[in-house]
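Colleague: So you can see what is in the structure, the chains are spelled out below.
There are 2 protein chains.
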Amino acid sequence: MRESKLNFKKVLLDYKNFFELNINDFYIDGPKNMIETSNFVMSAKGKRVRPILSMMSCTALGGKIEDSIDVAIAIELLHNFTLVHDDIMDDDNLRHGQPTVHEKWDIGTAVLTGDSLLWLSLHALKNIKKNREKIILSFIDAIKLVCEGQAYDKMFESKENITLDEYEQMIGMKTGYMIGLCSHLGSICADADLGTQIKMQNYGLEIGKAYQIQDDYMEIYSNQEVMKKSLNSDVELNKKTYMICLAIKNRKFDVIDILKSKKCSLEKIKDLRNYFEKTGIKQQTIKEINKTFNNANKILDTIKFKVNYLHEVNRYLINRKY
Amino acid sequence: MRESKLNFKKVLLDYKNFFELNINDFYIDGPKNMIETSNFVMSAKGKRVRPILSMMSCTALGGKIEDSIDVAIAIELLHNFTLVHDDIMDDDNLRHGQPTVHEKWDIGTAVLTGDSLLWLSLHALKNIKKNREKIILSFIDAIKLVCEGQAYDKMFESKENITLDEYEQMIGMKTGYMIGLCSHLGSICADADLGTQIKMQNYGLEIGKAYQIQDDYMEIYSNQEVMKKSLNSDVELNKKTYMICLAIKNRKFDVIDILKSKKCSLEKIKDLRNYFEKTGIKQQTIKEINKTFNNANKILDTIKFKVNYLHEVNRYLINRKY
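Each protein sequence line maps, in turn, to chains A and B.
In terms of the working numbering, the first sequence opens at residue 36 and continues consecutively.
In terms of the working numbering, the second sequence opens at residue 36 and continues consecutively.
Everything labelled a hint here was simulated from the structure, so no lab data went into it.
Check each hint, because a few of them may be wrong.
Since copy identity is lost for identical chains, a pair holds within one copy or between any two.
[Said to hold, decoys possible] List of simulated lysine-lysine pairs, DSSO-like, C-alpha gap at most 27 angstroms:
id	residue 1	residue 2
1	K194	K139
2	K295	K67
3	K356	K194
4	K194	K67
5	K305	K189
6	K67	K284
7	K161	K179
8	K165	K179
Throw the hints in and build the complete structure from the sequences for me.
Modeller: Now the structure itself:
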């Protein structure tokens, strides 16, 4: 068991290094201002969960890692497009331990940098050799859903009564589909049969859901030093997180009083921590995260892999601290 | 001659109406906030030059108007994506006679509205029946070039010595390629042979170049009421227009003194008018516009059309007042 853990850590690092090597020169020829800002964004070392999941989904099903690298690059670029634009919208000033683009430069530069990361992601897809059109069409759906999910997220800020269903639909669009896209496209790159492709997409959708609820949880229970990003915008912008929606579902509308109080964000976060603990919402949330990862594992159990380290990926994600 | 002019006016109106009819319900299902802002942008009646050019290029070569409608919609949406984001960058507050999105709502909403128009444009391409992958790949190039062109435009604001070559390269990316895309994709929708496709693209590139120089010219010699958009941002942001680059080429660096003076934008525009007149730059610019439209006509002369109203399109564009 211990040895397998060590092995997986090494495998994970190998995949990450392979990705870093390939993303290294993603934009070297073009206007200097955009090369500078785009490279600033992409060189910030995130966890690279999405490209690793894409590549591992491909190799787990018998494909070569090289078969999925363009998809991996495209998805990570698309993800970073959303980060740069979302940071403008939420006025967040810290991301991956460094200032956000609109904070370091200005809003216009950040708008254009996001746009550039988007075209770069589409451009990366042009290099794909097999199933290119199918992959591009799924990718277009991802851009649609991530934009619409963000629009709902923004709309929910000014609404009080958001149901868990509405919340789940929103995060499915904003986060879930893109993580589902990783495992889905990874399986297409491996030339998996259609049934397996669908299972792999569903597996990714579960992971995506769990991942977003974890994010919501950590925005309350982690801290800026560990997360390396601003954490108070959720509270400041009145974001409808899993825990807020759960409180509302349980008719615990006093959570709204905490959000609406005149206290500063840090104090509100403290109050929310106590509140979620007292009402059992903290425990219910942890339970939901575990249940969702468990669903993902169950889907994996039905797929015939050549190499199976995706259960380990789930274990790695369930234990993530940022 | 007079009758042909009347006929063309009617044809133009028919194409415009066909487009308006089809763009009418481009976004009815999704988050209300984005449906509202996207429809606000798209319902502002612009000239619709790009979709009309796409559709007429298709029918002129024997295709049906319906064959090119998805391309026409996609290009107009892409164009409006650039307008919404560019207006944020240039802090313009008027467009098509109505407030810009960041002016009417806020910057975050404008960022997301631009992003939505972009995915909607990609989404429109999914409906294409023939040559879809080829069209999507050209479209991805257009997104790349329009973003890079905008980046150069932004970069040139803080540079003094921009050559006419650099200017032409920049507008070729920012404006030319997308207008070239209209006639190019229109010809693909008509199933034209490869040689004709290339000629049609080159024709559009010339039109695009002439169109941008006209825009530069009108920003100085027209007025806000006629143009229905803010006109002082070029001067305020120190944009390198055709006339500025021509002055610099002619070693007339005193144009920089006008731009750098402490006068308000309106007075600067007045000074520039006098200056361009005195130095002959105004006349040289008109000559360049006419020459470029003439090049476009010459390319048209080499193509065998089923119906030829593209010369009339050129005449219409050369006489445009906004």
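Colleague: If a hint holds in the structure, say so; if it does not, say that too.
Modeller: Tested hints:
no., hint, result
1, K194 to K139, "between (32 angstroms within a copy, 21 angstroms between copies)"
2, K295 to K67, "between (45 angstroms within a copy, 25 angstroms between copies)"
3, K356 to K194, "neither (30 angstroms within a copy, 46 angstroms between copies)"
4, K194 to K67, "between (42 angstroms within a copy, 13 angstroms between copies)"
5, K305 to K189, "within (24 angstroms within a copy, 44 angstroms between copies)"
6, K67 to K284, "between (50 angstroms within a copy, 23 angstroms between copies)"
7, K161 to K179, "both (19 angstroms within a copy, 12 angstroms between copies)"
8, K165 to K179, "both (23 angstroms within a copy, 23 angstroms between copies)"
The earlier numbered hint that this structure contradicts is number 3, and it is the only one.
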